[in-house]
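There are 2 protein chains.
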Amino acid sequence: MDNTVKYLLGEDRLPTHWYNVIADLPSPPPPPLHPGTHEPVGPEALAPLFPMALIEQEVTSQRYVPIPEAVRDVYRLWRPSPLYRARRLEKALGTPAHIYYKYEGVSPAGSHKPNTAVPQAYYNAAEGVTKLTTETGAGQWGSALAFACSLFGLECEIWQVRASYDQKPYRRMMMETFGATVHPSPSDLTDSGRAILASHPDSPGSLGIAISEAVEMAAADPAARYALGSVLNHVLLHQTIIGQEAVAQMEMAGEAPDVIIGCTGGGSNFGGLAFPFLAEKLAGRMDPVIRAVEPASCPSLTKGRYAYDFGDTAGLTPLLKMHTLGHDFIPDPIHAGGLRYHGMSPLISHVYELGMIEAVAKAQSECFAAGVRFARSEGIVPAPEPTHALAETIAEAQRCTDSGEAKVILTALCGHGQLDLPSYGRYLAGDLVDHELSEEAVAAAMENLPVAG
Amino acid sequence: MDNTVKYLLGEDRLPTHWYNVIADLPSPPPPPLHPGTHEPVGPEALAPLFPMALIEQEVTSQRYVPIPEAVRDVYRLWRPSPLYRARRLEKALGTPAHIYYKYEGVSPAGSHKPNTAVPQAYYNAAEGVTKLTTETGAGQWGSALAFACSLFGLECEIWQVRASYDQKPYRRMMMETFGATVHPSPSDLTDSGRAILASHPDSPGSLGIAISEAVEMAAADPAARYALGSVLNHVLLHQTIIGQEAVAQMEMAGEAPDVIIGCTGGGSNFGGLAFPFLAEKLAGRMDPVIRAVEPASCPSLTKGRYAYDFGDTAGLTPLLKMHTLGHDFIPDPIHAGGLRYHGMSPLISHVYELGMIEAVAKAQSECFAAGVRFARSEGIVPAPEPTHALAETIAEAQRCTDSGEAKVILTALCGHGQLDLPSYGRYLAGDLVDHELSEEAVAAAMENLPVAG
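Here the protein sequences line up with chains A and B, keeping their order. Quick note: the first sequence uses this note's numbering, first residue 1, plus one each step. Quick note: the second sequence uses this note's numbering, first residue 1, plus one each step.
No lab work stands behind these hints: they were computed from the structure. Idealized CB from N, CA, C, for every residue including glycine. Among these hints, one or two may not hold up.
[Stated by the list, open to error] Chain B is faced by these chain A residues, among others (derived, beta-carbon under 10 Å):
1. 73
2. 176
3. 427
[As the list claims (entries may be wrong)] Beyond 12 Å from chain B on every Cβ pair, some chain A residues (computed):
4. 49
5. 55
6. 128
7. 441
[Unchecked claim] Straight-line alpha carbon distances no greater than 20 Å define the calculated SDA-like cross-link-like pairs of lysine to any residue that follow:
8. 168/A / 422/B
9. 168/A / 166/B
10. 6/B / 106/A
11. 91/B / 72/A
12. 281/B / 25/B
13. 91/A / 72/B
14. 6/B / 70/A
15. 6/B / 92/B
16. 168/B / 167/A
17. 168/B / 425/A
18. 6/B / 72/A
19. 6/A / 10/B
20. 281/A / 23/A
For reference, chain A alone in the conformation it holds in the complex (with noise of 0.2 Å):
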């Protein structure tokens, strides 16, 4: 009895403040450059692309940004999210370890993406920006702009990576029913799409390619703006919001935890929940262990280095530290669409390279076996990508058993898998195949590395 254990907040619980970990970090991350003066860029140059109430965010070192009181009243239809703890799950591991999830599955795209998505799409409309272009890979970050677009009257138009586009047409059709215009990419719409499509008539498309598109696009129309779902510094900003409710929440529970464990692919949800724990840590009130989990095929935090390259394959973007698997990198198809990045957040990047937080990786069968457990202990199928954050924190459970150790462990549950069902079906048919990334191939990736920096 009493196996279900959630932790509510009230509404008047909701944060009124998104939580800017630079304030806190002993020295600011290293600036983007200019691809061809290998200077650092000023506002100015991102002003095409997005809403100076962003690039400001983008850019702070203010410790608290206040959320818009329009933002949390959208925020509002899905937050606070539930923290639980995983009693079932406990109980059919066998361990002392005290299991907790913060889940934000409930959210109407289903994952944590609205949580960045609702306050862009509001900061454009407030400049009078009709329209966001954005590409997506297997639809999440799509979905998540076509909805938040939606409730602000803006138009989206969205470059979805051919291969989905084709194969995981639900996302599409999401998109769509929000009202956004989705386009196969490479299209013929775009320069970038037509370069592609002449030398590769068939091309599946990448997300690299895609987010030349919906750049190009967006800078080509005064009314229009370019809307990231990860990876940049603002974005991560918005997710904070997780990580505060989660700080709340585990007050609520008695407890603090000795080890914090997300998935990585830009970085945005992992962020989201570490980062308002970091400043709990830096501030001495608990000591976790924060923990990266990134995809044994595309481990850019674990093998990557960290340098200056392109957020893009086509290397439009400006030149961003981080830890990259070089931007022509691409990565083998997992299941995961959304950890398929080949760098990782440089906010994130350069956290690591402080040493304030540890990476490791998991390959795809593991993160399977351990979200199809999940899903029979505690009743939620996750999506992909957080089964690579339960795969480990089933490892450091299953340690716990061993050591005997009652260690409090919190992870992110940043989405359901309820469109991601047909990889379970892979899975479960054993057709699934690990891609584990060699380093004759990291080593092939880097040469292609911009000299910078």
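Chain A is already provided as a structure; the job is to place chain B on it using the hints.
Okay, now just chain B, sitting in the frame of chain A:
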């Protein structure tokens, strides 16, 4: 501002009892009859199919039935569920009406079905049953039962209508992720299935055939029982947790509904919301109009006959007094699979005959239009079934715009549509066709009604 208004109950407000409307009706619904003798069937006739606790709930006249603590413990994974005021929708419609919706899509299976799947699994496990069999169409019910069985350690074997098994694999994959075994129906595992396959090797199956297979397998295995997801009294009883919470939440909102609107297939979601409000009405504490909405292509309440009929196509079940289109009626393949049932819950039918509720029918294109409108204003993509209730809710709100009345409308949003997105895709592409049932078709379907009662 303040467009998002949600009413949340604390866990301490989770109901402790289910509400049995039979206790408050002027007469009980007519009993089920034996198909051969036309005599009322006793509990013993149902014992091979259901555990005794559920049979007792099926026939009880007790007003309140206690919810076991182990069931409440699982309910707390997602309950109490939220009640929202649809301010953004009201604004989009320009209506003076106040629109409220009770949202059941927050459950792990995404609909109201776990409200009864959980107690059904619990009572079976408590009586030593080790396996449950059931049928499912699109898979809402099957995934809810698979979820519940995984938590109570029961095997779960599901016959899924072949057409859905082939065309809508996501929910099958969800059932398998929860550990259930899923067979396409007709299968060669049962006499009923083999008989169909012998004459129709390519049969797409039907809910009626799948019921026969699941019932046959349960009856043949002393350790197994059968579970049904709607229609029966005990199923509607379990769903009254929805309405009890909503009564408390409307009180929080300081309003009483003038109109309550829900969709009806077998009737469990509608009854679950409506019956606790009917109790309030019968006690003179409020006076809402209560309105069922069914598909124009399967209009059992508005066009069917109130007569004794079989619950399944093959004629294996007891005879139930209900509004029916005839047990061999095959509804057109509309996209709201959960509403494609030839009959209506005997309890809903009885209450309808008593004049306590109204009924209307809606064509699916109006329903999908309402679903898209709802998604773009409230942010949640509704399942196709509750879009029927939303279509009538919007129509009622528009009548308020015309009349200037500020009616309070409460509707049941019984599930999200994330696994039903292909139906939205077809609607948006203009590919959906409306099927209104002709009087001739109704008359023809009635010809095979068993003579009874």
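Going through the hints against the structure:
no.	hint	result
1	73	5 Å, holds
2	176	6 Å, holds
3	427	9 Å, holds
4	49	26 Å, holds
5	55	25 Å, holds
6	128	20 Å, holds
7	441	32 Å, holds
8	168/A / 422/B	11 Å, holds
9	168/A / 166/B	17 Å, holds
10	6/B / 106/A	14 Å, holds
11	91/B / 72/A	19 Å, holds
12	281/B / 25/B	12 Å, holds
13	91/A / 72/B	19 Å, holds
14	6/B / 70/A	16 Å, holds
15	6/B / 92/B	18 Å, holds
16	168/B / 167/A	14 Å, holds
17	168/B / 425/A	13 Å, holds
18	6/B / 72/A	13 Å, holds
19	6/A / 10/B	11 Å, holds
20	281/A / 23/A	14 Å, holds
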